[in-house]
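Colleague: These are the residues of each chain, in order.
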Amino acid sequence: MIQAIELVKVFPTTDGGEKRAVDGLSFQVRAGEIYGLLGPNGAGKTTTLRILSGLMGPTSGRALVNGLDLADDPAGAKHSLGFLTASTGLYQRLSPRELLLYFADLNDIDRRTARRRIEELIEWLEMGDFADLRCGALSTGQRQRTSIARALVADPPILILDEPTLGLDVLTNRLILDFIRRQRQRGKTILLSTHYLDEAERLCDRIGLIHRGRLVAEGTLDELRGPDRERRLTEIFLQAVGEESSAAVA
Amino acid sequence: MLGIRKVRTIYFKELLETLRDRRTLIAMLVVPVLLYPLMMMIMVRIQVYERTELQAAGYTVAVPNQASQALLERVIEQVQGRTDTQPVVLPEGGIRVVVADAAPEALGEEIHAQVMFSPETTDWSRDEDAERRPPANERIVARIVYRQTRVHSDAAARILRQVFQAYQERLVQRSLGEVQVVLSRVDPDIDLERLLHPVELTEEAVDTQQELGGHLLSQIVPFILILMTVTGAVYPAIDLTAGERERGTLETLLAAPVGMLELISGKFLTVATIAILSSLLNVASLAATVRFGGILHAMHQGAVGEVPFRVLPIIILCLIPYAVLASAMMLAVCSFARTAKEAQNYVTPLILATMIPAMVGAMRTVRLEGPMMVAPIANVTLLVRDLLLEEAPWATTSVVLASTSLYAVAAIALATRLFGQEAVIFADAVSIRSLVLRRYLRPRPTPSAALALVVTAVLFPVTYYAQTQVQLHRPGDFAWFLKAWGILQFVLLVGVPALLCWYLKIDRRTTFRLPLPSPRFWAVALLLGAGSPVVVIELVQIQARYFHFSDRLAELQEPIATGLWQLGPFLGVLLLAVLPATAEELLFRGFLLSGLSTALRKWGVIVAVAVVFGVFHFMAVRFATAALMGVLLAYLCWQAGSVWPGVLAHLLHNGLMAMVVYRQEWLESTGLLSFSDDPQVLAIPRLVVGAALLALLLALFLCTWPARQRLTASVAQG
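Each protein sequence line maps, in turn, to chains W and E.
Reminder that position 228 of the first sequence reads as 228 in this note's numbering, one-by-one numbering, no gaps.
Reminder that position 600 of the second sequence reads as 600 in this note's numbering, one-by-one numbering, no gaps.
Chain W extracted, bound-state conformation (with noise of 0.2 Å):
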């Protein structure tokens, strides 16, 4: 359902230079799936996401969304995406119920189904208390909730979450993980990154670790174990980010 395929993309520096801030990245996100892209600060994960959810064209490699190139077909591909970051903003002067109908518009969805869409959103999310204000007034918590509402107005199969728990109270939190796993069951394939390794653990089917832009590792959380089944996400990653760092020093 998503494919990178030989992802690159490099950035020309303020001092002249250059970053590779991805660097020949492959993976594969399997229908109905939540695959967890992991790694630390300045890893290339929003990159990837963003090259993969079209906003930005890679370097060099493909990037395929429902077998669709974004490079070829890129609006044939955001039909069936879901995109949701941590710092997505929302428009002030718009009331959530507004600004979902705004985003059921420009995925081309019929005025009927998205008002049907939107109040079983606004119910799934508990939204009701504040559908009707304006995005100005909301809490951290409820603007999430209205920008998830939003990456599911248009029911795309395919969802790419950046870091979608940042900064949430734990009742907000949770609700958007119970979130995420209905809709898993509901079939969608999910991208999700996040800093939370716990919350890797608990939610995704497969894990890939990334550092300096490149996949280290990459499997379910069994596979990433290995023998040692009481081993830590947490422990996986700092080893298989140490031992990058190590050869990248040899």
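There's no promise every hint is true.
Label pairs and their computed distance ranges (CB to CB) [what the hints assert, rightly or not]:
id, chain 1, residue 1, chain 2, residue 2, range
1, E, 6, W, 220, 50 to 60 Å
2, E, 5, W, 220, 55 to 65 Å
3, E, 341, W, 178, 32 to 42 Å
4, W, 155, E, 247, 20 to 30 Å
5, E, 439, W, 155, 40 to 50 Å
6, E, 341, W, 40, 25 to 35 Å
7, W, 220, E, 16, 44 to 54 Å
8, W, 225, E, 341, 48 to 58 Å
9, W, 186, E, 247, 28 to 38 Å
10, W, 155, E, 3, 56 to 66 Å
11, W, 67, E, 247, 26 to 36 Å
DMTMM-like cross-link-like pairs, simulated, lysine to aspartate or glutamate; straight-line CA separation at most 25 Å [unchecked claim]:
id, chain 1, residue 1, chain 2, residue 2
12, W, 19, E, 390
13, E, 341, E, 246
14, E, 602, W, 163
15, E, 602, W, 72
16, E, 505, W, 18
17, W, 19, E, 422
18, E, 505, W, 72
19, E, 341, E, 422
20, W, 19, W, 163
For the chain E half of the interface with chain W, some residues (derived, Cβ under 8 Å), not all of them [as the list claims (entries may be wrong)]:
id, residue
21, 247
22, 248
23, 249
24, 251
25, 254
26, 421
27, 422
28, 426
29, 522
Just so you know, these hints were derived from the structure itself, not from any lab.
Even for Gly, the Cβ is constructed at its ideal location relative to N, Cα and C.
Following the hints, position chain E against chain W.
Modeller: Here is chain E on its own, set in the frame of chain W:
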């Protein structure tokens, strides 16, 4: 208690941060260091130009009879070049005094002012002993009739006023010299008032109330409207671009299935709507203030003046393209900004920059003609002024509107291009250098639509100015003009895009569509090139018949014919046919067509290229024919996948058109063409017209043939 140390710490930290914001600094420096001196320079130049222009002009003053003529000429002669009185600088073009009965509405263009003397003044001047009569008895009672709404009439009245004043001084000096003895005896017969004021001058401005109203409005309204329309576009432009980016809503929007052009178009329409509403409110408010606020009354010392309300709808109509241009410019600038603060830094110089052409447009002596018709912003200012004075012809209006629309489209395209740049969207990750430094640019097969449109839009006024400068360099030397312009045009139209392609790593072979076509397109080119001149000539004559464009055509043809005779056929064909055809084809059907084809579909591209090609031919008279040729040539280029058949067709067309001028007699002798008594009317035998149309049809058929063949094949298979 105020902690000085902490204040100092905060001060230095804030200063450090502010000074590290390089973009703010640039905006801070650019405005005072560059823009203000530039604005001052331009203002001074404008004033000098206006003064020089009025001083260089010649003025015609009408008087009712020969006695008045003799008197006025004598008055002028007496003050000319004198140093003992207040010096009068007479205009370089002189003052011509004619005997004519000028109606008030005729004052302004041919006759600038009228002088009426009282009967006793002229009686006295007829007196043969006038010269010997004691000057103390000389008295002139005169009335200057003029129109203050017409710049040259107003200037003529001012000059006459100075002349009479100087003459009065002279008379007083003479009188005082002669009568001082008499004065010392206090002769009661001497009328001191008459002695000291021998000239009694009155003035009468004969403008109608509507003209006065229009004149006053034309002085202030264009400038205010231009400024307010731009200002109206500022806030939404910032909010919808940099504001959206700053609030973090842009990423989600870009992740939705929306094309960048759709996104910018929607945003642009919002900004334009608000700018247009702002224009409308400004026009309405200004009209109401002028009408009910007593401004006209105050300005014209008692004359009431009326607002020419009937021109208001036309002004609004003309402001719409301007509001569109202003919105697109604002959007383009703000699209480049990453924060609202940064956008404001860019917008301030832009607003000030729009004031420069608006100021030029506020000049009374500048006419809306020649290069001024295509000067961005200045042309709209001048058009609004002329509309208020009810002096704007439709042909000029159409050129202004067409050129403004072209600039607006280019600005929208630029906004689209900038808004989607990664370096602008993801300021956290990507340096802005990636937009401009060659080493970061990725090779591309063709330019973007934005680049193609912006380059064409910039080349439009540049070529116009260049052409005018070449013409002015050696006035009347048409052979030199054809040579210089032929080369310069090629450098501008081909050199500039080619250089850009090199820098931006754009493939020149695909961009200019240089591969050779299949052989049958050469046949299409021959048919098109041979048939099109006849159709164009017929079209020109229809235009001349119904739209009265013939005078301008004659003006255009004369220098070409003269230049051609001087150059001879070989150089003539090279300069009139080969060079322009190659240059125009490479720019329009190469660079522009390739760029537009990245954003539009086949017929959208063909029509857009044709319209721009039509607008590029400057004068309204040539728009229709150029646009028609544009459609045919763009279609040929699209079908052939090559620019070369278009070059052949174009040069054949140009060559044959030149031949009509150059080999007029020979063509008549062959019976292909005949000229009637009116040199504008060409009679082409029906057989020739029929053959030309047939050639065009055949060319079109050959051009579309493969598509038909494929269609037939697919139908057969189906």
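Colleague: All hints, please: hold or fail.
Modeller: Results of checking the hints against the structure:
no.: 1; hint: E:6 with W:220: 50 to 60 Å; verdict: 56 Å, holds
no.: 2; hint: E:5 with W:220: 55 to 65 Å; verdict: 59 Å, holds
no.: 3; hint: E:341 with W:178: 32 to 42 Å; verdict: 40 Å, holds
no.: 4; hint: W:155 with E:247: 20 to 30 Å; verdict: 26 Å, holds
no.: 5; hint: E:439 with W:155: 40 to 50 Å; verdict: 44 Å, holds
no.: 6; hint: E:341 with W:40: 25 to 35 Å; verdict: 32 Å, holds
no.: 7; hint: W:220 with E:16: 44 to 54 Å; verdict: 51 Å, holds
no.: 8; hint: W:225 with E:341: 48 to 58 Å; verdict: 50 Å, holds
no.: 9; hint: W:186 with E:247: 28 to 38 Å; verdict: 31 Å, holds
no.: 10; hint: W:155 with E:3: 56 to 66 Å; verdict: 59 Å, holds
no.: 11; hint: W:67 with E:247: 26 to 36 Å; verdict: 34 Å, holds
no.: 12; hint: W:19 with E:390; verdict: 62 Å, violated
no.: 13; hint: E:341 with E:246; verdict: 10 Å, holds
no.: 14; hint: E:602 with W:163; verdict: 44 Å, violated
no.: 15; hint: E:602 with W:72; verdict: 19 Å, holds
no.: 16; hint: E:505 with W:18; verdict: 19 Å, holds
no.: 17; hint: W:19 with E:422; verdict: 15 Å, holds
no.: 18; hint: E:505 with W:72; verdict: 21 Å, holds
no.: 19; hint: E:341 with E:422; verdict: 19 Å, holds
no.: 20; hint: W:19 with W:163; verdict: 23 Å, holds
no.: 21; hint: 247; verdict: 4 Å, holds
no.: 22; hint: 248; verdict: 3 Å, holds
no.: 23; hint: 249; verdict: 4 Å, holds
no.: 24; hint: 251; verdict: 6 Å, holds
no.: 25; hint: 254; verdict: 5 Å, holds
no.: 26; hint: 421; verdict: 11 Å, violated
no.: 27; hint: 422; verdict: 6 Å, holds
no.: 28; hint: 426; verdict: 7 Å, holds
no.: 29; hint: 522; verdict: 35 Å, violated
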